[in-house]
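Protein chains in written order, with the working numbering: chain D, 1 to 289; chain L, 290 to 454; chain G, 455 to 918.
Calculated directly from the structure, the hints in this document are not laboratory data.
Any given hint could be a false lead.
With a cut-off of at most 25 Å between alpha-carbon atoms, the simulated PhoX-like pairs for lysine-lysine come out as follows [claimed, not checked]:
| hint | chain 1 | residue 1 | chain 2 | residue 2 |
| --- | --- | --- | --- | --- |
| 1 | G | K796 | G | K655 |
| 2 | D | K231 | D | K268 |
| 3 | L | K429 | D | K188 |
| 4 | L | K343 | D | K40 |
| 5 | D | K40 | G | K617 |
Residues from chain L shown here face chain D by an in silico Cβ test under 8 Å; the list is partial [stated by the list, open to error]:
| hint | residue |
| --- | --- |
| 6 | A302 |
| 7 | L303 |
| 8 | G334 |
| 9 | P344 |
| 10 | A418 |
Just so it is clear, the structure is predicted and the values come from calculations on it, not from any experiment.
Idealized CB from N, CA, C, for every residue including glycine.
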Amino acid sequence: MRAFNYVAAGDIQQAVRLLAEHGSEAKILAGGTDLLADLKSSPHPPRMVIDISRTQGLGGIEVTDKGLRIGALVTHTEIMKSSVIQEHFPALVDAAHTIGAVQTRNLGTLGGNLVTAVPSMDSGPTLMALDAWVVLAGNSGNRQMPLTEFFKGPRRTALKPDELLMEIVIPAENIGKPVNFLKSGLRKGQALALVNAAGSLWLDAKGRIREPRIALGAVAPTVIRAPNAEKCLAGQVPTPEIMVEAGKIAAEECKPITDFRASATYRKEIVEVLVKRVLMHAHAQALKK
Amino acid sequence: MDIRLTVNGSQHALSVPPETTLLGLLRNQLGHTGAKLGCDVGDCGACTVIVDGKPVNACLMLAGQADGREILTIEGLASREQLHPIQRAFEEHASLQCGFCGPGVILSAKALLDENPDPSRQEVRDGLAGNLCRCTGYTKMIDAVLHAARVMRNETDHSGAKVEG
Amino acid sequence: MNKGATVEEKLHIAEQGLASENPLRVYGDTLPAVFPLELLVPEVRQQTPAVGQRVTRPDGRMHGLGQTRYIDDMAFPGMLYAKIKRAGVASARIVSIDTSEAEAMPGVVAVLTGRDVPVNSFGPSFQDQPVLADERVFHAGDGVAAVAAVSEQIAEEALTKIKVEYEALPAVFDPLEAIKDDAPKVHATESNIYARKVIIKGDVEQALAASDHVFEGQYRTQMVEHVPIEPHASIALWDANGRVTVYSSLGRITLGRADLARTLRMPINRIRLVGTIVGGNFGGKNEITQEPVLALLSKKTGRPVKGVYTRSEEFIASTTRHPFIMDFKTGVNREGRILARKIRLVLDGGAYCSWSETTLGKAAILSVGPYRIDNVHVEACVVYTNKTMTGAMRGFGAPQVCFAYESQMDEIASALGIDPLEIRLRNAFETGSISPTGQVLDSVVVKESLLQAARRFGWKEGGA
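Just chain D, same shape as in the assembly:
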């Protein structure tokens, strides 16, 4: 690895101050599972690595009046072990479990997974299907935005050079919303998703689908929603047929690429199946409640 300078930020203010000071010369180190792999192969390493892995105020999982707050530094292992998340969102546990392996889950953070903004990330779809938003800390104060606006492209986010992802919030009204996540990879362990998908829905008093959400990974430059598929579900009686239909529409509206892992056609077919399944699982959860 090439030489760089290193500083460990004590708190968020110091971290954003350092970011402002060093600008594009700096890189944030959280879990390091992506950054270190990149640093080892990068021909242009950063001058400064700002270590936030022990920065105060970026951890913790808690329910506040705004919703479920997950600190950016929360590791995938912590998500899997959190009793709050296990209770309200088992899909988030499932999603975390599909990431890497024990060692990388112990290091890798939710914030890091989102900021790296790889289209196949496994953290994104479930959060997006729950209308989660992110809070960014900057020198001129904090700002927040929905996750859908945070992703700008492959490995690109709305973060400004002096900003830091602070926390992820699932809005209070969605706590306990039935949601399911599924992933299809070439192997069960340590595999990137060929496609991943999350679906959430409520059932209204008459048992019809309310606020359906479908989010897909690895089939577009960012994690995306499938608005047309959602539209076809809203207000409908949750039958297997309508879920099959939603899967077909979702497959139509996503834009996967062909690469060495899978062809676009194959990915669309997986989308069709995964969307149907996540909806069926979410519906089954809704019925239990």
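Following the hints, position chains L and G against chain D.
Structure of chains L and G alone, referenced to chain D:
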């Protein structure tokens, strides 16, 4: 940069360049060559060490991040008098052929059994998913971990005989 | 007294070599029991007592303790670290290599190019591989220069300072393209085909014409890297007597020594190759790779030099398994008996021969499958392409052809409505069968194995 850390119970204070990984520090500065460099990007698990009770890829952690932490490497597992039950089970099940992945696998198994003393076969598979092996295959390793777990729970002795009482 | 006699004898031997007044003494009570060696030598074709017993490995304890010393766990005083610059282009003429900036870097002790190599070619059967490419680049993983520095980091940095000017040449990547007459030639030869094997038995054309059904299919397999968890690693120490000691992860040190002697142009008795525990081989560590580079860097610097491949070098600069393109034409009668099989195998050899000849021969012989077929025609060739070289890997071509003939067997069974197990039993080798190359086979248990496997996984019951 100055780093203080505990490795296998001994305290160390040293100064290394910031780009030093924990793996580099252990292998090159402290001479603990049990953790191996296999892929250098966190896929193979040959560099697995236990940091504050959790198995991590030492190739993906900067030495600076290990400052103040407690590290367990394969060298710290056995005592002068006896092997750790997992090491013994791996030896007796012939679970290590070339052995290069062994230290990482054994430490992953140790972390798993510390947390879950009675894992199912599937849980063992999951616990070892971050360690790639190309020679032995995983079956004998999983057998060994399950056997070691029984020994550590005092249900059997190393030969597999049931422990009475 | 028997025990005493042994002691006396040992003392006698010890004293011969020692003129000391305190000779080595061996006390009878501590002598180890004589190991009943003869009991462990198995009678031919008899089961050994080891079968069915749990065995432990003699090196297992060291492995489990993390105390086994692989190459990268060893260091010598004053040791330098070597890195090799990879071409990154598949086919090119090297116009110039400028190493001056790298040489001027603090911490860089020596730089090496192909021109510094006494005999810049090697290989286990054809010597077609340069140690470091000096005039031409044959594939993107070719080394073009090497650096020895006081740290790996400096060596890596120095590689970026080496300037190589290339003149791009046409390249060929598809083996079927490469066998065409007008294809760009990877090496300066008339054809890219560098080895061929033909097996003829009976009259294939006539038997095909007489068959009730003829099945044709093309089967392809991909390139596979061995991925030993331990990357290739070696340390070379050139000494003041002009001898070189190389500690290496190489699996075949005797062959490696001969290759080293050739490239260094020195007698084999001046080369000491020390093999250690290998962290996974699978055929990928059967030949030298960076060893001549390390030896010459050690000669140049007078210091021990270590080289460890990165994971990416494992993929681009070590051997891989041959991709095969296999055309099978098989004639069968109504009962599913195979009467004729005509096969064409095209092996993608990559840029260098390595163990391709061995692979080719084995693949050709085995391509017919473990079946009694009287009329066989196999034509197999291995072709140069501008890709990572292919070489030995477990099975030497056997797995690839097995994929083809067993795939076709299932297709035939399905088309004729015969149970896939049954069609194999009808055609399988028996004791006394004659292989395509004329070998009369003895102790054949193909049918027994198939039946036993089928019983174990419940074939008849529809289990899988």
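We went through each hint and held it up to the structure:
A C-alpha spacing of about 10 Å is found between K796(G) and K655(G), which places the hinted pair at or below 25 Å, so the restraint holds. A C-alpha spacing of about 19 Å is found between K231(D) and K268(D), which places the hinted pair at or below 25 Å, so the restraint holds. Distance check on the hinted pair: K429(L) and K188(D) sit about 20 Å apart at the alpha-carbon level, within 25 Å; holds. Of the supplied pair hints, the one linking K343(L) and K40(D) holds, its CA atoms being roughly 24 Å apart against a limit of 25 Å.
A threshold of 25 Å between alpha carbons decides the hint, and for K40(D) with K617(G) the separation of about 21 Å falls inside it, so the pair holds. At about 17 Å, the closest approach between the beta carbon of A302(L) and any beta carbon in chain D exceeds 8 Å, and the interface hint on this residue is violated. Because the closest C-beta pair between L303(L) and chain D is about 15 Å apart, greater than 8 Å, the hint is violated. Interface restraint check for G334(L): the shortest CB-CB distance to chain D comes to about 6 Å, inside 8 Å, so the restraint holds.
With a least beta-carbon distance of about 5 Å to chain D, the hint placing P344(L) at the interface is held under the 8 Å criterion. Restraint check, A418(L) versus chain D: the minimum CB separation of about 4 Å is within 8 Å; hint holds.
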